[in-house]
Amino acid sequence: MEPVTKATLQVFRKKLSPAKLLLPSSFIDANEKELLEMDFPNSRQEAWKYTRLNRVAKINLESTPSSIIDWSSYLMVKDAYNFVFQNSECIYKSPDLPKGVSIKIGDEIGAMDWLSSINEGHVAKLNVAHAQNGCVINISNGVQLDKPIQLLFISDGPKQPNFWRNQLQHGKGAKADIHVGYFSKDAIDSYSNVHWSVFLKENSHLIMTKIQNDGDANYHFSTENISQLKDSNFTLNTLTLDGSFVRNDVLVKVEGENCETHLNGAYIMKENQHVDNHTTIDHIFPNCNSYELYKGVMDDKSTAVFNGKVFVRPNAQKINAFQSNANVLLSNDAAVNSKPELEIYADDVKCSHGSTTGQLDEEAIFYLRSRGISEAAARQLVVAAFMQDVFLKVASNELKSYIYQQLAVRFNLYLQEKD
Amino acid sequence: MITIKDLHASIEGKPILKGLNLTVKAGEIHAIMGPNGAGKSTLASVLAGREEYEITQGDVNFNGVDLLSLSVEERAREGLFLAFQYPVEIPGVSNINFLRTALNEIREHKGEKGISAKDFMSLVREKSALVELDSKLASRSVNEGFSGGEKKRNEIFQMAMLNPILSILDETDSGLDIDALRIVANGVNQLKTDQNATIIITHYQRLLDYIIPDFVHVLYDGKIVKSGGKDLALELEEKGYDWIKNNTLN
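Residue numbers (this note's numbering), protein chains in the order written: chain G, 410 to 828; chain Z, 342 to 591.
Just chain Z, same shape as in the assembly (with noise of 0.2 Å):
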């Protein structure tokens, strides 16, 4: 589905990813951790298609299309999605509006007809259930007022609404308490299926206990230094960052 070689990229002339190389499938759950400064974040940007970014080599194939040379609303498009670590407030912007906007953009770029008024609502109150947002909240302004936990479920709720093949999980789960995190990652079990894919970006071991994955990836200094089965999670839990810093630099 995404197969990513020899990636760089820097910001500012700081070099942050310094060639990174990754192969999911559909139907897999990968789960990226790594010390604070790694690059977790700036995987996630890149992928997304941030401009502040500047991919200095390497590329990137998205089922078949060369992914950087999209613009960030032609990767939505093509079925990516970001679940943001730090959602954006916007204020006088309807969640349900613009989520109806962006729906039938996608729809429209797959060549399918617009979603009709009542097709779209019954799948707002379908999908939002999935999260235990509160269908009031999904009518408000983006993100407006929402607590840190909404937020969140916002973002898988959105999620579900859009249906991508490949989602990526930006520290989706830092800040929540251990409820709000059981529904998140409720949501995203439930959002599986074997023709999508998800890429978990996380500094603490804590979600992989509600989401499953099969592969967990260590990330640091711009490049994934070590990679493994579930059980790599726990190691590094128990082990700490310190574990892989040592390994690294013998």
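The shape of chain G in the complex, shown without the other chains (with noise of 0.2 Å):
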């Protein structure tokens, strides 16, 4: 395979806009130069030794005109607080916010408005230097939503180049539901590039659900940078369900004791679709849980990766911290490499972690059949059973059914591609 020159990552910046969003020049200041100095990292780069970028490389990103959608198509549920961007628009904004929460959106957000950040590695340079809208969420101390905040980003049109970043001010005492859905319409080659900065203040409570329901030709990046406060609890579901690539990079600062981390993950993949989740909780001060359950699914030539990092800080004594990633493999030819990494410096600790990966059940899927049950219907029971400990975590009964039926759409429509 051909090595990806320093110049590639310049051609493939082109024909990109400049960042349309304001951001604070100690986010802007040395990323230029440092861009110009980067290129698309190659297999010999640990993050990167699975995920081949040669592909993502190649296309030739151009802004194309959007066309007009009918969003409320896309709500995963109906009862939110909406915001709906395509592409660098933001389409529709819900006309009331409870009191205590602000949502400003595009040329409403002040560079003052951004807190620290990490743009470290190519992704996220990217979007700070293409940053074309995004979100800036202030909640503030001691409001409890009534109802969940949902976001949805489409991506619109072939070779379309989406770079959209957001931030999550979390007061203390707030406790709030966070919706987010990732779309493609008519994509051939495109690129999503999104960037979320979270940060909880103390004892503050936040489910972050991102479904990526991204349609078959759209390569997805996203990038989650959360900092827990002491005694928060934050969970980030993160459900795959389709796309063609799709990279996760979640990093979780844990910045005071007894904290809770929940990191769940499903995914579901086929054809040549190719998924990479990875993680970083670290555990910085003692007396905090941290729970990770990525689960897979995966089909045809699909490949996955998982790679869950855990620290745990010299101080940081008194740590549970716990990760598992199992995975189902319906093909001889899909593939899944999962590392877990576990780096502990401290000495009174409880941390574990496991992988597994196999078939699925085919004496299980004849049981269900000799019953009058449809192989296609029991192939997605045995399937959602061994997903149902992720979906499981989704607190919204609503979002809940939301994934059950896109799971059945999907599985229903593959296989009739399949017979």
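Please keep in mind that the hints were generated in silico from the structure rather than gathered at the bench. Honestly, I wouldn't trust all of these hints.
As the list claims (entries may be wrong) - Just a sample of chain G residues kept apart from chain Z, beta carbon distances all over 10 Å, derived: (1) ARG422; (2) LYS429; (3) ASN463; (4) TRP480; (5) LYS508; (6) LYS581; (7) LEU638; (8) HIS687; (9) ASN741; (10) VAL758; (11) GLU772; (12) SER779; (13) VAL791.
Stated by the list, open to error - Derived DSS-like pairs: lysine-lysine, alpha-carbon spacing no greater than 27 Å straight-line: (14) G:LYS581 / G:LYS639; (15) G:LYS809 / Z:LYS477; (16) Z:LYS459 / G:LYS809; (17) G:LYS581 / G:LYS556; (18) G:LYS802 / Z:LYS477; (19) G:LYS639 / G:LYS458; (20) G:LYS513 / G:LYS584; (21) G:LYS748 / G:LYS710; (22) G:LYS502 / G:LYS594.
Claimed, not checked - Among chain G residues calculated to face chain Z with C-beta under 8 Å, some are: (23) PHE775; (24) ARG778; (25) ARG780; (26) GLY781; (27) ALA786; (28) GLN789; (29) PHE795; (30) GLN797.
Just so it is clear, CB atoms sit at the ideal spot from N, CA and C, and this is done for glycine as well.
The task is to assemble the complex, starting from two chains supplied on their own in separate frames and drawing on the hints.
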């Protein structure tokens, strides 16, 4: 395979617009210079060992005019505070928000609104350089949301580049559910790069569920940097239902005592699709718990990467950190690279990790069919059962039924194709 | 109801059934006995549609249809039921949810309307009582964490729910203690009508004390070598399978 040269990243950027969002100088200053010295990482770099970017590097991005879409058809739940982005435009803003919640969009956001941020690696740096739109959410101390905030990001058109940048500041004792959905329409070699910085203040509760339901021709890069202060409780559910190429980089810095962190993930891939979940939980303070559960179902020639890092710093005693990654391969050509990485520098901790990869239980499918259930339905039941413990972590029943519905659609379509 | 003619089946090129003939009519109970390796479970598997087996010869007529041309699920929808020798544990799939899906697919096949949740639940209560299966078990994951006896009772519970016209009980008695055996047999007896039929596959005569067969067949080396009434089972128990082996060889 030919090596990707520095020129490739510059060629890739040639037709991209500079950032439209006003970002602080601390983000921008060194960014451009560093980008010029950088290139797409190759497989010699550990974090990209199993994720080849040659395909991405070759695409010719160019913004095309957006079409008229019925965004309501993309809604995952009915009753929510909705915000909809279509390419670089925000096409819908919820007219009302509860007291104590502010959401700034696009040019409403000033440079001062952005808190500190880690922008390492080419994905985050590209996001700084080309951020077109996004939101800054502030939830005040003590606010408990009555319904979720639902954000839809729709990539529209072929070769469409999208750079969205968002921030959420979650006040002391606040409680919220955020649903984020990523979709694409008429994509051919399109590219989405979305960046989130999330700050949880003391004693706050936040559940963030992201549904990645991109079509078959979109490259999706998602970065989440989370900071948790003491007594906070954070859940991130990453559900990758469809997408030709998906990379998730999640970094949680646990910067206070008595925190809880839950990272749950499910991915269902087929054909030549690729999904890569890189997670890092950095335990800096003692007396915290983290739980990580990622499950995948892989068919055809699809590939998955799971890389779960857990750091326990020297003073972070009494940490419980549990991590598990389980996969089912539906074909002989599918592959999973699963790599847990635990770095523990404290001596009074409880940490565990496990990784399994196996096949769907054909005996179970025969059993269900022998009761009159069609093969398609039997496979769907067994796959859903395998994924169930991840889906059960999605607290919202409405969102859960959306997921099951998408799964049903996916499996029926899919089995028809195969016949 | 079912006519099996000159059935030959093999697995991985090895012949197991070598010309089996059997006719079962509505209202009848047939017992098929035989030593280990005679082909008893193969017969059950072939009738249910397990794909590992290759049918090399013969045909099976089930209520006017060519059974061997149907998929596993189509056979079930036509009214065939197999009670598994080793019921499968399926974590995460709820027993009653899957049964409702199955029942509705069978009803749809017959051109009937789907069952309402309320009617379904009362059916669950009625049928689980039949095999003394705790209704809590009915709502758990399929067979997960069930004891051996509970698994077999769950098979008969499913049979009661789906109301098949031909049930094949594959070694349903194996591993059961006498109480569980009595419960299972009692369930099967209560489900008996003159419209349906049962094939009991067993190694032991014991089950036949509780479920009285109309016919007993001895399967040996892939063929039925002897048929008779219920007394044949007693004779077999007394003389052992060597008696058959020696007779066949001579």
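(message) If we take the beta carbon of G:VAL791, is the closest beta carbon in chain Z still more than 10 Å away?
(response) Contrary to the label, G:VAL791 does not stay out of reach of chain Z, its closest Cβ about 7 Å off (not over 10 Å).
(request) So, G:GLN789 near chain Z? Judge it on the closest CB pair being under 8 Å. (result) Constraint on G:GLN789 not satisfied, violated at 10 Å.
(request) Would you settle whether the hint for G:ARG780 is holds or violated, based on the nearest Cβ-Cβ distance to chain Z being less than 8 Å? (result) 4 Å, holds
(message) At 10 Å, judged by beta carbons, does G:TRP480 keep clear of chain Z as stated?
(response) 34 Å, holds
(request) Double-check G:GLY781 for me: the hint is only fine if its C-beta lies closer than 8 Å to a C-beta in chain Z. (result) Since the shortest Cβ distance to chain Z is 4 Å, the answer is holds.
(request) Against chain Z, does G:ASN463 hold up as non-interface, every C-beta pair farther apart than 10 Å? (result) Non-interface label on G:ASN463 holds, nearest chain Z Cβ at 38 Å vs cutoff 10 Å.
(request) Compare the distance between the alpha carbons of G:LYS639 and G:LYS458 with 27 Å, and conclude whether the hinted pair is satisfied. (result) 35 Å, violated
(request) Hey, is G:LYS508 genuinely clear of chain Z, shortest beta carbon separation above 10 Å? (result) The claim holds: G:LYS508 sits with its nearest Cβ about 41 Å from chain Z, beyond 10 Å.
(request) Would you check whether G:ARG778 satisfies its interface hint, that is, whether its CB is within less than 8 Å of any CB in chain Z? (result) Since chain Z brings a Cβ to about 4 Å from G:ARG778, closer than 8 Å, the hint holds.
(message) G:LYS748 and G:LYS710 were given as a pair; does the straight-line alpha-carbon distance stay at or below 27 Å?
(response) Roughly 20 Å separates the two Cα atoms, so the pair holds.
(message) Tell me if the straight-line CA distance from G:LYS513 to G:LYS584 falls inside 27 Å.
(response) 19 Å, holds
(request) Classify the label on G:HIS687 as holds or violated, using whether its beta-carbon is more than 10 Å from each beta-carbon of chain Z. (result) 27 Å, holds
Going through the hint list in order, the structure does not satisfy hints 11, 12, 13, 19, 28.
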